[in-house]
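Asker: Listed below are the residues making up each chain.
There are 2 protein chains.
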Amino acid sequence: MGTISPFAPKHLPHLPAIDGVRIATAAAGIRYPGRIDLLLATFDPGTTAAGVLTRSKTASASVDWCRARLPHGMARVLVVNSGNANAFTGKRGREAVKLTAEAAAEAVGCLEADVYIASTGVIGEPLDPGKFTGLLGDLARDAKGNGFADAARAIMTTDTFPKLATRKTDIDGVSIRINGIAKGAGMIAPDMATMLAFLFTDAAIEPAALRACLDPAVDETFNAITIDGDTSTSDTALIFATGRAVTRGSPRIAHGDDPRLASFRFALFEVMRDLAQQIVKDGEGLTKFVTVKVTGAETKEAARRIARSIANSPLVKTAIAGEDPNWGRIVMAVGKAGEAADRDRLTIWLGEILVAKDGEVAPSYSEKEGAAYMKRPEIVITVDVGVGDAAGVIWTCDLTKDYIAINADYRS
Amino acid sequence: MGTISPFAPKHLPHLPAIDGVRIATAAAGIRYPGRIDLLLATFDPGTTAAGVLTRSKTASASVDWCRARLPHGMARVLVVNSGNANAFTGKRGREAVKLTAEAAAEAVGCLEADVYIASTGVIGEPLDPGKFTGLLGDLARDAKGNGFADAARAIMTTDTFPKLATRKTDIDGVSIRINGIAKGAGMIAPDMATMLAFLFTDAAIEPAALRACLDPAVDETFNAITIDGDTSTSDTALIFATGRAVTRGSPRIAHGDDPRLASFRFALFEVMRDLAQQIVKDGEGLTKFVTVKVTGAETKEAARRIARSIANSPLVKTAIAGEDPNWGRIVMAVGKAGEAADRDRLTIWLGEILVAKDGEVAPSYSEKEGAAYMKRPEIVITVDVGVGDAAGVIWTCDLTKDYIAINADYRS
Chain A
28 MGTISPFAPK HLPHLPAIDG VRIATAAAGI RYPGRIDLLL ATFDPGTTAA GVLTRSKTAS
88 ASVDWCRARL PHGMARVLVV NSGNANAFTG KRGREAVKLT AEAAAEAVGC LEADVYIAST
148 GVIGEPLDPG KFTGLLGDLA RDAKGNGFAD AARAIMTTDT FPKLATRKTD IDGVSIRING
208 IAKGAGMIAP DMATMLAFLF TDAAIEPAAL RACLDPAVDE TFNAITIDGD TSTSDTALIF
268 ATGRAVTRGS PRIAHGDDPR LASFRFALFE VMRDLAQQIV KDGEGLTKFV TVKVTGAETK
328 EAARRIARSI ANSPLVKTAI AGEDPNWGRI VMAVGKAGEA ADRDRLTIWL GEILVAKDGE
388 VAPSYSEKEG AAYMKRPEIV ITVDVGVGDA AGVIWTCDLT KDYIAINADY RS
Chain B
28 MGTISPFAPK HLPHLPAIDG VRIATAAAGI RYPGRIDLLL ATFDPGTTAA GVLTRSKTAS
88 ASVDWCRARL PHGMARVLVV NSGNANAFTG KRGREAVKLT AEAAAEAVGC LEADVYIAST
148 GVIGEPLDPG KFTGLLGDLA RDAKGNGFAD AARAIMTTDT FPKLATRKTD IDGVSIRING
208 IAKGAGMIAP DMATMLAFLF TDAAIEPAAL RACLDPAVDE TFNAITIDGD TSTSDTALIF
268 ATGRAVTRGS PRIAHGDDPR LASFRFALFE VMRDLAQQIV KDGEGLTKFV TVKVTGAETK
328 EAARRIARSI ANSPLVKTAI AGEDPNWGRI VMAVGKAGEA ADRDRLTIWL GEILVAKDGE
388 VAPSYSEKEG AAYMKRPEIV ITVDVGVGDA AGVIWTCDLT KDYIAINADY RS
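Heads up: the protein sequence lines correspond to chains A and B, in order.
Counting in this note's numbering, the first sequence runs from 28 upward without gaps.
Counting in this note's numbering, the second sequence runs from 28 upward without gaps.
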């Protein structure tokens, strides 16, 4: 779509190979000829999996497939296509997923239960799996350890940059690597509306423990971002742990509360936060990256709901686009969130600037100072709602004319 | 703000006098010199009142005042100012309301408990009641029966047209009149973010019965519209019933379930729906008026929640602005609403055109036909979610670059 996000990284991070993970990509012509639109990742036997999937009531056929496989918790292959979400495609959509799983299982020599599938792209158009099922055998054979940048590109729809993150950590003193790739919730082109994230590690962690690591981290990262409040039919975050670190002396962790997971959990959180923020930084038409912090709430959930109310408010988002320190709209958004907030104890900061205190504009506040702050590319809004001790953070971007231009253009 | 809504009426409806209601307006210079920004309405002794106020947790001082008066249910005077919402103004805000109430009570010769106050305009700036309290005595003296068009203009902030509606009905065969005025939730200028509606009738209805007429009608009218999902600190709908119809033989109605209220209830609903739709039709930057109907839901609340999810979705709204029959986004918005919906029984119509059926695009649907439909100024989206018998309607407008331009411009 032309313009690259002003927050696109100058250099992509280098993601090293992960023992037990091999990657291949191809241009299968799913929507556009010549575009890399197919990702195959294969995993060594014994790889565990965990995932978090969209809560949408109109979830895609691929999401349904993953949801049914995750309790089993073992994985040998991941197939992702871009260009077609295989969502709202009825019986044909379910058949397409089944055919993909059969072909992937045959290519790798595994059970269908070990196959994970994700799709992103246009909604409501039948996906023809014949375009790529024949390629999976060759891809599985040719897959290599160092393809993460290609993988991140293969899952892009109209993201303006590939999203990659990596961290090194350890379990019980044994070095562990976590890689992650993601594509944006930017919904950057009409009909493309999906956040996908795939995480890969050589850690040896049983499925239940892996879930216990992933779930709270999703809550604080991918579930703590919003571009426009819309929710995709296909949102998918999956983690695959090959367990190959056991060859270097790592224990195999069976319980989520095992203290030896502490640094792994933190590194996983960091990879996911990094990817989540990159997704926001590729929000369509954005000019500002915005952090909304709410403190003094009754519960963490309440804090996040208030933060999300601010982050999703079209009036707040357009004010930020206009570099307008329009804190009255923040008051409005706190009020509409429906959570406990003490109007007469509300405190608001823009960055370090105290804007409002005790339910009124702060005597020290100058509109000029506020306006100067709003010119920055990264804005931090902090609100204390004065009723408790809980806090929450949401990351978002502004709402610009380019968002409208991008989304109001007729699909063609 | 220049451009007048394409849906502005060619001719304003004529609102006849209502026995027991007198109106006066003035330019008090609250925000802009020379602009009519003050409305005083006085009511004959015995007038009853009912109201519905914003659920915002950061409600304005005027809203707090009305909330405390409504249980009493009697009214002699209404004071409305535009230009300043008196919201988030702390102790000074409460004092301003108190001073206004004292002055209004003295002007009319009534209890402070019989005074109703509403304010709309900028949030967070102290309102100086000294600008208008001195005018109230003269206004009360000069108030006349035929000032409804002036009243509708006095409460405008940056609405592009005054909103007026009237219906004739009867109670037990005695002719009754209902007039209504409103201002927009268009939030058309920065910081202006309020829906106000005032209803006047000569019917004789006790406060509890009046509430029983108003509440369900608000639910189906003012609570069934959305411009951008934002909620004002000051939303207020008040009804005043002078009871003067008793001089023409009308009974005084004490109970909300009195069958003699049937036609009154319907006429009141019609006045309110008319005003609610006018508010949407003055939504900022709009080019389309959109009706979203949801059927086949588990409950009426679920139907409305799904309809609101569609109506508030930026992706749906921008598609409508782009005249794009992008029904995949409607599927997405149904999915994110969180209410029961059977993806595989979902049916979608654009106007009379069957777009999707049984969870897939309808065989008879042609994109060309859909695209032609989307060029109309008034769009009806109907979705059957296939799980029950309940239905709900929400009215909204599209989301355009002009919305952004209007709201991202720096306040000046």
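A hint or two may mislead.
Pairs involving identical chains hold if they fit within one copy or between any two copies, as the list cannot separate such chains.
[Stated by the list, open to error] EDC-like, lysine to aspartate or glutamate: derived pairs with alpha carbons at most 20 Å apart:
hint: 1; residue 1: Lys125; residue 2: Glu297
hint: 2; residue 1: Lys384; residue 2: Glu122
hint: 3; residue 1: Lys428; residue 2: Asp246
hint: 4; residue 1: Lys171; residue 2: Glu350
hint: 5; residue 1: Lys428; residue 2: Glu350
hint: 6; residue 1: Lys384; residue 2: Asp371
hint: 7; residue 1: Lys158; residue 2: Glu396
hint: 8; residue 1: Lys327; residue 2: Asp242
hint: 9; residue 1: Lys118; residue 2: Glu350
Because the hints were derived from the structure by calculation, they are not lab data.
Since we're looking at a predicted model, the values are computed, not measured.
Asker: Is it within, between, both or neither when you check Lys158 against Glu396 at 20 Å Cα-Cα?
Answerer: This pair counts as neither: shortest intra-copy Cα distance 57 Å, inter-copy 30 Å.
Asker: Given a CA cutoff of 20 Å, do Lys327 and Asp242 count as a within-copy pair, a between-copy pair, both, or neither?
Answerer: within (16 Å within a copy, 33 Å between copies)
Asker: Indicate which option fits the pair Lys428, Asp246 if close means a Cα-Cα distance not exceeding 20 Å: within, between, both or neither.
Answerer: Neither: 30 Å inside a copy, 33 Å across copies.
Asker: Could you place Lys384 and Glu122 in one of the four classes (within, between, both, neither) given a Cα distance threshold of 20 Å?
Answerer: between (59 Å within a copy, 18 Å between copies)
Asker: With 20 Å as the alpha-carbon cut-off, assign the pair Lys171 and Glu350 to within, between, both or neither.
Answerer: Answer is neither: 47 Å inside a copy and 46 Å across each miss the 20 Å cutoff.
Asker: Give the relationship of Lys118 and Glu350 under a CA distance limit of 20 Å: within one copy only, between copies only, both, or neither.
Answerer: Neither way: Lys118 and Glu350 sit 48 Å apart in one copy and 29 Å across, limit 20 Å.
Asker: When no copy is specified for Lys125 and Glu297, does a C-alpha distance of 20 Å or less occur within a copy, between copies, both, or neither?
Answerer: neither (35 Å within a copy, 53 Å between copies)
Asker: Is the C-alpha distance from Lys428 to Glu350 at most 20 Å within one copy, between copies, in both cases, or in neither?
Answerer: Both: 14 Å inside a chain and 17 Å across chains, each within 20 Å.
Asker: Reference check for the pair Lys384 and Asp371, CA-CA at most 20 Å: within, between, both, or neither?
Answerer: Close inside one copy (8 Å), not across copies (51 Å); limit 20 Å.
In summary, the numbered hints that this structure violates are 1, 3, 4, 7 and 9.
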